[in-house]
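Asker: Taken in order, these protein sequences are the chains called E and D. Numbering of the first sequence is given in our numbering, commencing with residue 5 and proceeding in unit increments. Numbering of the second sequence is given in our numbering, commencing with residue 1424 and proceeding in unit increments.
Bear in mind the hints are in silico, worked out from the structure with no lab data behind them. Glycine is no exception: its CB is placed at the ideal position from the N, C-alpha and C atoms. One should not assume that every hint holds.
Okay, derived cross-link-like pairs now, DSS-like style, lysine-lysine, Cα gap no bigger than 30 Å in a straight line [to be verified]:
(1) E:K643 - E:K687
(2) E:K243 - D:K1593
(3) E:K407 - E:K494
(4) E:K494 - E:K571
(5) D:K1626 - E:K12
(6) E:K570 - E:K643
(7) E:K516 - E:K600
(8) E:K493 - E:K407
(9) E:K12 - D:K1568
(10) E:K243 - D:K1592
(11) E:K478 - E:K493
(12) E:K570 - E:K243
(13) D:K1525 - E:K243
(14) E:K676 - E:K571
(15) D:K1626 - E:K243
(16) D:K1568 - D:K1593
(17) E:K494 - E:K516
(18) E:K12 - E:K126
(19) D:K1573 - D:K1593
(20) E:K510 - E:K600
(21) E:K510 - E:K629
(22) D:K1525 - D:K1626
(23) E:K243 - D:K1594
(24) D:K1592 - E:K12
(25) E:K676 - E:K58
(26) E:K243 - D:K1629
(27) E:K570 - D:K1592
(28) E:K629 - E:K516
(29) E:K676 - E:K12
(30) E:K407 - E:K58
Stretches of chain E that chain D covers, calculated by requiring three or more beta carbons in the stretch to come under 8 Å of a beta carbon on chain D [unchecked claim]:
(31) 71-81
(32) 145-159
(33) 179-189
(34) 228-241
(35) 399-410
(36) 478-484
Label-pair ranges, simulated between beta-carbon atoms [unchecked claim]:
(37) D:E1610 - E:R480: 30 to 40 Å
(38) D:K1525 - E:P611: 55 to 65 Å
(39) E:N598 - D:K1525: 47 to 57 Å
(40) D:Y1591 - E:S144: 53 to 63 Å
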Amino acid sequence: MSYGYAGKIARVNLSTNEVTVMETARYEEFGGGYGMGAAIFWDLAVAPGEWDLKDPFDPRHVLPIMVGPLAGTGVPGAGRTSICGISPETFPTCEFWRGNFGGRFGTMMKLAGWDGVVVEGKADRPVWINIVNDAVRIESAADLWGRDTWETQDRIASMVGGRARFGEEWMQLEDTYTTGRPQILCIGPVGEARSRLAALITGSGVSARIGGFGAVFGAKNLKAVSVLGSGTVRMADAKAVMDARIWQMTGGGLVTGSFAPASAGSGSCNPCLRADRRRNVYHAGETMCVDQHWLANPEKQALGGAQSAQAASEAELASEALMKYGASGWSAHFLGLFVSDIPGAPDFFDKKVPVETGIGWYIRYLHRIGELGPGKRIDSAPLPMEQWGELSFRLAFLDAISKRVGIGDALAEGCMRAAEKWGRLEQDLESGALRFPAWGATGHWTLPSAEWAYNYLLGAGDPSWHGLVTAVGKPRGKTTEEALVELAKKMTPYADDIFMFNYAWKGEEAWKTGLYSPHKAKEVAWSRHYASFWNESMAFCEMFLPNLETISPEIEMKYYTAVTGKKDTFADTMRVGQKIWTLERAIRVMHGRNRKAEVFAPFMYRPGASGMTFWGGVPIYENGKWRHDEAPDMYLDRKGVEDFKTHYYQLEGWDRDNGWPTRRTLEGYGLKRVADVMAERGKLGA
Amino acid sequence: MAESENAGTQGKVPRRKFLVGGGAALAAGAFAAQIPGPAVAAAQPAAGKVSYPASTGYIVYDSRLCWGCQSCMFNCSMAHYGEANPSLSRIQIIRDAPSFTKYPLDVVMSPCRQCVAPLCVQNCPTGAAHIDTGHGNVRVIDEEKCIGCKRCLQMCPQNPRRTVWNPYKKKSTKCDLCIDTPFWSREGGPDGDPACVTGCPAKALKLVRETPPQEDVAGYDVNLVPPRPKMPFGKPPTPAAKKPASKS
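Starting from the given sequences, assemble the full structure and let the hints guide the process.
Answerer: This is the structure in structure tokens:
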């Protein structure tokens, strides 16, 4: 068994009540976390060919919940847990997608001696999975179904802990002891209702918010997975891990351009653990970076006004309710933290629109234009529209979607499906009122962060990856060109091509070196390969690493080498990232993905597509010179996007016509078994 | 399901409360040694009572600053054993106890106190738990001499206990201020850099030479807020918040 890995994965079949053990070694070539999860999904869900992969609520759905080798080793920010499968959230089709979450679940999984748990089948009654070190049991959740996520976790902790008094004594597990509480991943009423807005919750405020995987738990009658461990994670060189940590904390890693403090905590994933716990809505240092959008007091705070103490208090209670119901604060948010002056914006909110939009905002929009309300064409009952944005409204919203009453039934299906039901989908995607760039994913960054936008398209929704957002920002103390030359050195294996950072979006330069050029394809590919390995499989929080202005990729390699003892170079890890990304592509292809399906929502091709940017905008090369520009007027060209796709497919070794990986590409990664299945089903790239 | 270590005390006076006021009575009843009182008394012991030279190093903490990240626990087990195992850590940071409690009771910090009157030392039948006079009088356990009787686990007056069971070696262990750390690049000990303190990103731990007040469990929970902190996020914490009651 290699260092860093627990060595085994629990496979739990809820239909047959069987628990079997899979060897981690079989999947180690995929790194860990998501990479392993995707490979397991291929082996158990795709390769057998017994399921068309269309319905996420099908009992044959296989849900790998995986951690990486760096989890539970003291490496900061690397304890995240990945979940992947067919996402109920994406639109128009339920696509293969993934999410991940922080908190302490991943670390505890490793301490219990597991690299993950794979859930398949469907229980015939509500159940929860109870993991205590080596023991894995399927328990009845009859007393838990219907309860909120906090109550559920409390009850499970009591059941696992027996008479132990948490915080006051050690709990004995055979001959070992722990002061830890079980870490529990669970759903609330929103997940039980199979709402596509359902998140998975662990702790008080940590959520897997992307993908709607809480609804898959609900469909499987799975209320929770609890894990408690008192074991050891072995590593190659503990001294080197701690040395790297201190290097990061005290000099080598003076992080200046990122969200994340260099000195992140290690027992959990969260580099964003706040230095002052009192400022947290949640307890024990937990904070939700993105779900705080739910906190925003619309029209006052988010649009620049001050938030009163009462409003802040109400927002806190609303956020607590969100977590207890188990809804995705991202999908359901009312207003993002950022608003922007956007040409062509809907004519309200002072012509500003939120850069990030969710279903709460969309309700408001429809109400303002007279489409939605009491007795209107779209009947808003039971929502108290006059209280929109207030605590009472948000509680009514959560209650309505979890019970699927009145408008709640449509809203529980998510923004896109609700809009389709109400006959507004096309016009609102055209105008940008529905600011969802591709695959129905809740809007986040669009443009001018072009690599982010392309990642929506090539993936299945919000990439939620900030690795280049700050790195390409306006530099201090050096010219744009000087900064980009330095940055390009880190772009292994596409190093030294500074034009990959060119965001020129119109005119000849856009095709020559800008958004629609082969250079941009390299930047997008690098971001996916890096994220696939380092963020999703080694499970570093993406807000933490990469930090390309300073310590990346040196710090990643220090930790990786010290824990695993592997001799891989950074280029080797990027190659594994590309392999994972290619396997992900293969799964999508088997599901139906092709070139034709990869198109942006119409608003991305017209003025208004661009939102705000930070750090002085993006670098643009025109007329032989580099400059930084916030590019508020940026939008995409349809032919340009098609040209970009051609360059991109070629770079990845996918065929031009369909975007399907070729046999040569797959076998180059040792994925012959994948190529054989694709060929057999007529899906192999020519 | 797990077992409560103190299952036999259920329904009786909570161990924490009992020991804060009555540690001496319990120890005397359990083992023959006489127990000195709090720190002041220990410094000038009454005739006939056992006394020990005070440690020259103590780890104090600020429970308001702690992030609950458990870096100290990982560092402790890694420095001593080369493996990550919070159950082997000689400092315990407990979160969510009781469940979903908000600040300031959401995190409990539990480092070894290097007690002036160390019941682990006093009650060890083999002398494995002893005062390391060569290293600043730190209270340590000699693994070679430990017979795994778990007496020191039972006698530690703190909740949770600060003495730690090593199930792999079947021996007890405790905080040695990193005197014996084969996997730690720095020198430990009362004049050195313990791994937990050095690796704390929140600066919520500190090694001090002065003996903290021994009277109650909060004596080690001190204000460590730096004068002018530079925090990546938001406003820095201030020392004005009420300290958690009776948390050690």
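Asker: For the pair supplied as a hint, K1626 (chain D) and K243 (chain E), confirm whether the alpha-carbon distance does not exceed 30 Å.
Answerer: holds (21 Å)
Asker: Mind checking the alpha carbons of K676 (chain E) and K12 (chain E) for me, to see if they're no more than 30 Å apart?
Answerer: holds (24 Å)
Asker: Between K407 (chain E) and K494 (chain E), is the straight-line Cα distance small enough, at 30 Å or below?
Answerer: Violated. K407 (chain E) to K494 (chain E) sits at ~50 Å, over the 30 Å cutoff.
Asker: Can the restraint linking K570 (chain E) and K1592 (chain D) be considered satisfied, given a maximum Cα separation of 30 Å?
Answerer: holds (29 Å)
Asker: For the segment 399-410 of chain E, does the count of residues with a C-beta closer than 8 Å to a C-beta of chain D reach 3?
Answerer: violated (count 0)
Asker: Quickly compare the C-alpha distance for K243 (chain E) and K1629 (chain D) to 30 Å and report which way the hint goes.
Answerer: Status holds; Cα separation ~21 Å.
Asker: Is the hinted pair K12 (chain E) and K1568 (chain D) satisfied, with a Cα-Cα distance of at most 30 Å?
Answerer: violated (36 Å)
Asker: Are at least 3 residues of the segment 71-81 of chain E within less than 8 Å of chain D when you compare beta carbons?
Answerer: Since 4 is at least three, the answer is holds.
Asker: Do the alpha carbons of K1573 (chain D) and K1593 (chain D) lie within 30 Å of each other, as the hint requires?
Answerer: holds (9 Å)
Asker: Please work out if K1525 (chain D) and K243 (chain E) have their alpha carbons no farther apart than 30 Å.
Answerer: Outside the cut-off at roughly 35 Å; violated.
Asker: Take the C-alpha atoms of K516 (chain E) and K600 (chain E), compute the straight-line distance between them, and say whether it is at most 30 Å.
Answerer: Holds: K516 (chain E) and K600 (chain E) sit about 24 Å apart, inside 30 Å.
Asker: K570 (chain E) and K243 (chain E): Cα distance at most 30 Å?
Answerer: holds (16 Å)
Of the numbered hints given earlier, the model fails hints 3, 5, 6, 8, 9, 13, 35, 36, 38 and 40; all others are met.
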